Amino acid sequence: MTSPRILAHHPFGGTTPDNFFEGFLSGLGHPVIGLDHLAFVIAVGLIAAGLRHGWLMPLIFITTAIAGTGLHLIGADLPQPELIIAGSVLLFGLLLAIGRPLSSPVVMVLAAVAGVFHGYAYGEAIVGAEMNPIAAYLLGFSIVQLAIAMAAYTFAKGWYETQESLLNLRFIGFLLAGVGLAFTSGALLG
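Per the numbering used here, the sequence shown starts with residue 1, numbered consecutively.
Don't read these hints as lab results, they were simulated from the structure.
Misleading hints may appear alongside valid ones.
Unchecked claim - Here are the simulated distance ranges between beta carbons:
id	residue 1	residue 2	range
1	Thr154	Glu130	34 to 40 Å
2	Gly75	Thr15	19 to 25 Å
3	Thr154	Met131	30 to 36 Å
All values reported here derive from a predicted model rather than from experimental measurement.
Here a beta-carbon is modelled for each residue, glycine too, at the ideal position from N, C-alpha and C.
Construct the entire structure; sequences and hints are all you get.
Laid out in C-alpha cells, this is it:
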C-alpha cells in the first residue's frame with residue numbers, strides 16, 4: 001500500500017506515468033514538490049560550493065539516486081527510507097550551520113548514501129511503469145536536481161570567501177536543519 005506521505009510527493013497524485021511525457025514531467029516534479037527532497041538538493045549544492053572538486057557532489061548524489069530508484073523498482077527494501085531522508089536533510093543543514101570546512105570525501109560519501117535513499121523514494125512514483133516512462137522519469141529528476149544543485153553551488157561559491165558571507169550559509173543551514181528536524185519528527189511520530 002502506498003503511504004499518503006509518498007503520494008504527496010507524486011506529481012500525478014498516485015497514477016503511474018503512461019508515456020515519455022508523463023514520465024518526464026513526473027521526474028521534474030517529484031524532487032521539487034517534496035520539500036524534504038528539495039531542501040536536500042539545495043543543501044548539496046551549497047555544501048559542494050565549499051569543497052575541493054565540489055561540483056562532483058551533485059553528480060554523485062544524482063547517480064546514486066538513480067541507483068536507489070532502481071533498487072525500488074526491483075523490489076529491494078531499504079530500512080526506514082523516510083526517516084533516513086529526513087535525517088539527511090537535518091544532517092546537511094547542520095553541516096552548513098556549523099560553518100566549518102568539511103572533508104570532501106566524507107561529505108561526498110554521505111551525499112551518495114543519501115542519494116540511494118532519496119532515489120528509493122523517487123522510485124515509488126513509477127512502480128509498474130513501462131521502460132519508456134521510467135527512462136523519462138530518471139531523465140527528468142536528474143535534470144531538475146542537477147539544475148537546482150548547480151544553481152545553489154553557483155550562488156554560494158563566493159560566500160565561502162569571507163566570514164561575513166559565511167554567515168548567510170550558516171543561516172540557510174539552520175533553516176534547512178529546521179526543515180530536516182520537522183520531517184524527522186514526522187517520520188519518528190508516524
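Hints versus structure:
The given range of 34 to 40 Å is respected by Thr154 and Glu130, whose C-beta atoms sit roughly 36 Å from each other. Distance hint for Gly75 and Thr15: a CB-CB separation of about 21 Å, consistent with the stated range 19 to 25 Å. Between Thr154 and Met131 the C-beta distance comes to about 34 Å, which sits within the given range of 30 to 36 Å.
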